[in-house]
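Trainee: With the hints as constraints, model all of the structure from the sequences given.
Each protein sequence line maps, in turn, to chains A and B.
In terms of the numbering used here, the first sequence opens at residue 1 and continues consecutively.
In terms of the numbering used here, the second sequence opens at residue 1 and continues consecutively.
No lab work stands behind these hints: they were computed from the structure.
On a predicted model such as this, the values are computed, not experimentally measured, just so you know.
Since the list can't tell identical chains apart, any single copy or any two copies may satisfy a pair.
List time: in silico BS3-like cross-link candidates among lysine-lysine, alpha-carbon distance up to 25 Å:
hint, residue 1, residue 2
1, Lys390, Lys404
2, Lys431, Lys404
3, Lys215, Lys301
4, Lys159, Lys215
5, Lys357, Lys215
Chain by chain, the residues run as shown.
Protein chains: 2
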Amino acid sequence: MNQITDGTIIAALQQIAGQSFVFSDVDTLTHYGHDETEDYSFPPGVVVKPGTASEVSAIMRLANEHHLPVVPIGGRTGLSGGALSIHGGIGLSMERFNKIIHIDEQNLQVTVEPGVITQTLRERVASTGLFYPVDPSSQGSCFIGGNVAENSGGARAVKYGVTKDYVLNLEVALPNGEIIWTGANTLKNATGYNLTQLMVGSEGTLGIITKIVLKLLPAHTHNILMLVPFYKAEEACEAVSAIFRAGIVPSALEFMERDAIDWAVQYVDGLSVAVKHGIEAHLLIEVDGNHPDVLFSEAEKIMAVVENFEIDEVLFADTEDQKNALWKMRRSIAEAVKSNSVYKEEDTVVPRYELPKLLRGIKEIGTKYGFRSVCYGHAGDGNLHVNIIKGDMSDERWKTEVPKGIREIFSLTVALKGTLSGEHGIGYVQKNYMDIAFSAPHLAVMRGIKKVFDPNNILNPGKIFPDQH
Amino acid sequence: MNQITDGTIIAALQQIAGQSFVFSDVDTLTHYGHDETEDYSFPPGVVVKPGTASEVSAIMRLANEHHLPVVPIGGRTGLSGGALSIHGGIGLSMERFNKIIHIDEQNLQVTVEPGVITQTLRERVASTGLFYPVDPSSQGSCFIGGNVAENSGGARAVKYGVTKDYVLNLEVALPNGEIIWTGANTLKNATGYNLTQLMVGSEGTLGIITKIVLKLLPAHTHNILMLVPFYKAEEACEAVSAIFRAGIVPSALEFMERDAIDWAVQYVDGLSVAVKHGIEAHLLIEVDGNHPDVLFSEAEKIMAVVENFEIDEVLFADTEDQKNALWKMRRSIAEAVKSNSVYKEEDTVVPRYELPKLLRGIKEIGTKYGFRSVCYGHAGDGNLHVNIIKGDMSDERWKTEVPKGIREIFSLTVALKGTLSGEHGIGYVQKNYMDIAFSAPHLAVMRGIKKVFDPNNILNPGKIFPDQH
Numbered sequence: 001m002n003q004i005t006d007g008t009i010i011a012a013l014q015q016i017a018g019q020s021f022v023f024s025d026v027d028t029l030t031h032y033g034h035d036e037t038e039d040y041s042f043p044p045g046v047v048v049k050p051g052t053a054s055e056v057s058a059i060m061r062l063a064n065e066h067h068l069p070v071v072p073i074g075g076r077t078g079l080s081g082g083a084l085s086i087h088g089g090i091g092l093s094m095e096r097f098n099k100i101i102h103i104d105e106q107n108l109q110v111t112v113e114p115g116v117i118t119q120t121l122r123e124r125v126a127s128t129g130l131f132y133p134v135d136p137s138s139q140g141s142c143f144i145g146g147n148v149a150e151n152s153g154g155a156r157a158v159k160y161g162v163t164k165d166y167v168l169n170l171e172v173a174l175p176n177g178e179i180i181w182t183g184a185n186t187l188k189n190a191t192g193y194n195l196t197q198l199m200v201g202s203e204g205t206l207g208i209i210t211k212i213v214l215k216l217l218p219a220h221t222h223n224i225l226m227l228v229p230f231y232k233a234e235e236a237c238e239a240v241s242a243i244f245r246a247g248i249v250p251s252a253l254e255f256m257e258r259d260a261i262d263w264a265v266q267y268v269d270g271l272s273v274a275v276k277h278g279i280e281a282h283l284l285i286e287v288d289g290n291h292p293d294v295l296f297s298e299a300e301k302i303m304a305v306v307e308n309f310e311i312d313e314v315l316f317a318d319t320e321d322q323k324n325a326l327w328k329m330r331r332s333i334a335e336a337v338k339s340n341s342v343y344k345e346e347d348t349v350v351p352r353y354e355l356p357k358l359l360r361g362i363k364e365i366g367t368k369y370g371f372r373s374v375c376y377g378h379a380g381d382g383n384l385h386v387n388i389i390k391g392d393m394s395d396e397r398w399k400t401e402v403p404k405g406i407r408e409i410f411s412l413t414v415a416l417k418g419t420l421s422g423e424h425g426i427g428y429v430q431k432n433y434m435d436i437a438f439s440a441p442h443l444a445v446m447r448g449i450k451k452v453f454d455p456n457n458i459l460n461p462g463k464i465f466p467d468q469h
Numbered sequence: 001m002n003q004i005t006d007g008t009i010i011a012a013l014q015q016i017a018g019q020s021f022v023f024s025d026v027d028t029l030t031h032y033g034h035d036e037t038e039d040y041s042f043p044p045g046v047v048v049k050p051g052t053a054s055e056v057s058a059i060m061r062l063a064n065e066h067h068l069p070v071v072p073i074g075g076r077t078g079l080s081g082g083a084l085s086i087h088g089g090i091g092l093s094m095e096r097f098n099k100i101i102h103i104d105e106q107n108l109q110v111t112v113e114p115g116v117i118t119q120t121l122r123e124r125v126a127s128t129g130l131f132y133p134v135d136p137s138s139q140g141s142c143f144i145g146g147n148v149a150e151n152s153g154g155a156r157a158v159k160y161g162v163t164k165d166y167v168l169n170l171e172v173a174l175p176n177g178e179i180i181w182t183g184a185n186t187l188k189n190a191t192g193y194n195l196t197q198l199m200v201g202s203e204g205t206l207g208i209i210t211k212i213v214l215k216l217l218p219a220h221t222h223n224i225l226m227l228v229p230f231y232k233a234e235e236a237c238e239a240v241s242a243i244f245r246a247g248i249v250p251s252a253l254e255f256m257e258r259d260a261i262d263w264a265v266q267y268v269d270g271l272s273v274a275v276k277h278g279i280e281a282h283l284l285i286e287v288d289g290n291h292p293d294v295l296f297s298e299a300e301k302i303m304a305v306v307e308n309f310e311i312d313e314v315l316f317a318d319t320e321d322q323k324n325a326l327w328k329m330r331r332s333i334a335e336a337v338k339s340n341s342v343y344k345e346e347d348t349v350v351p352r353y354e355l356p357k358l359l360r361g362i363k364e365i366g367t368k369y370g371f372r373s374v375c376y377g378h379a380g381d382g383n384l385h386v387n388i389i390k391g392d393m394s395d396e397r398w399k400t401e402v403p404k405g406i407r408e409i410f411s412l413t414v415a416l417k418g419t420l421s422g423e424h425g426i427g428y429v430q431k432n433y434m435d436i437a438f439s440a441p442h443l444a445v446m447r448g449i450k451k452v453f454d455p456n457n458i459l460n461p462g463k464i465f466p467d468q469h
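Mentor: Have a look at this one:
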């Protein structure tokens, strides 16, 4: 449905963006039809690569007039299907919005286009002595615009917060073609409704982000990284909140079940982390700051906490190479799981003290419905990625039993005062679980907001909201 | 208009909240008809003091059916007239929502009702070794619910952020009587639109907040407080961003023009801060943390920065008493100004490096329109409170010239990439300046959102949005 079969639409898009930036060949459509979400493929009817906000605005007006779906496409690293053109239409690749416009060293801000790769941004900012903390595992290829659209987190969120905590102001092209700045370039703002924060995490359903102003921090100079092996996975989860209760705010606090590490070690060439027999899980813990003495004392306090549990020898990463290897292992888990089996990944999040209950519940639900799971994630935030592994499960059971199990897992997260997604978004794959987190009147308010921005439902249709029957 | 003259409404309210919590005597109506905004008085037609969310819900349904205005009333310390019943109707005092429901030491969260006084909350939280950083100057009498409604800031926002940065989840009664939780009790959330952040700063126009879940931090143990006198006010402003560029994030960085201090010293009994001849402004600077050595080195770095400017001798507060006296002086400025003259206060905010330009511009605009101003505020955030002093200006010129001057001041803040209000809100007194910060399509989106929540415009009507002619 809504495929672009009308030659006049293609011609109008060429008129707007230039002939060389409009594509309708199968290879290009296929390329832009998938992201990192399982093995889905939903190609757009046409791909456009606009270069300016006014081109985006013109495309929006055209699409709005003809009621054509528009799906903003970033680095295609998303895990909830936000960039999939499930109703065809115009695939709006933002890759030409790739400029870091201004690093403002006086005000500790950066103005950036949405198509800049997050790691590139972080490195450029770092070269001026400043720090953009948000580091999703996909930072080497994801776009900062996608981070804003999904409210991405990452390993450092535990100390520094998520993308939303850094977005000061956004330039946005609305579905009616109007271009607005959502806020101001200020740290404080009590002027009208917070459209900036409404836009963050709205998964491309309310407007197209064309410029981003982010807050920056002064860089720190030192960190300590340690890997703690636990004989019991639930005890690793318990240690997480105990570390905070000891007054420490680590800059990273990651949980990895044994399988996650084993698979990552197999997947990444040259990675050697020997995991002893009987170890069920690890915590990867980092503290950072400017004063080595302070960091040593924090590391000692952390040791005092984890020694209350059954642990094996703690590995301190002594060199930058060792630190990089440990982070590479952590960041490779998602791809390692992907290469290992058909799977489904859920992005559960709960208050951190509830993690042991969540982990236990997930395993019990797996037993009940006959699936295995591998869990890892940002335990300091209570954010656990649950990978449900197909392995040798029958296609039939995979299709009928697993969704029931996922429903129970989400019901458990909500009962624990958590929710469906911590940092991946709802997108396409989680939308039919939204009723677990939200009542009908609550969803009605969200639908009403969607309609204010996008009365013709052209922007990323079929995402976030549950199918209506 | 919309006064409550109908006995059946009063009876229905008594039925809902109980006879002893519905008031229509003149004294009570007058009492709830003003906040701290200049000398405005807009009494409601009836005052109700509900005790539970379901009572609030029933009141909303009643008001929605009869199209009666409902104005949520907190500690009545607001500075933009958010709690004024400018169209009469029901004044909904939230003072009975005064319970701290649960300090969750495991998850570093507190669940609190909106009528708890901010300082009470901060002290109770502190008694468990935790820290709620947001400290508006009115913390001794303002309600935490009002802080959420206005997205209040305060002196520690420069390091710790404003109210919005601590709100995880809100229980809200909507105008149609539905009660929802806006989010989850989690640090990360990428599940649907961020209604929590939409509610924060919405000034009682979208729903009535009945419960609040706030993030807490581990408490720190030490701080250093210093008062730096500058011979030139603009140099004090310049020093602000220079301190950040030196890699320091102070926990407070306050700017006070000479008059502000002089008036505060006169106003507060027993306060002695001798300000030397020729001093134009001061910075009050605090650093905090757990390691005295680190704080001393940060204080030294700050000294190295401020010594680049023309300053007089720096006062280090040696005792808790001295620290409290300096903070008392700072927090008394607003009341001191109020006692001194008829005035108007604007809550300008810009990126902090633009502060010297803003201050210079304000003085030039004052000269042009014939008014004097006293400026002070949270300079570390670029948030400058501009008090326009009537003094011996004629009533005629006060009425005709000052609004022109305010318009120019706001145009300047927006030109400097700032906005109208940093932490006081728009409310009643700034609403007709909104066109300076927002285009017509932008305001149309905000009005559309208002309509989704409140189709009959019963909640705090006549606030935020400019009058339509």
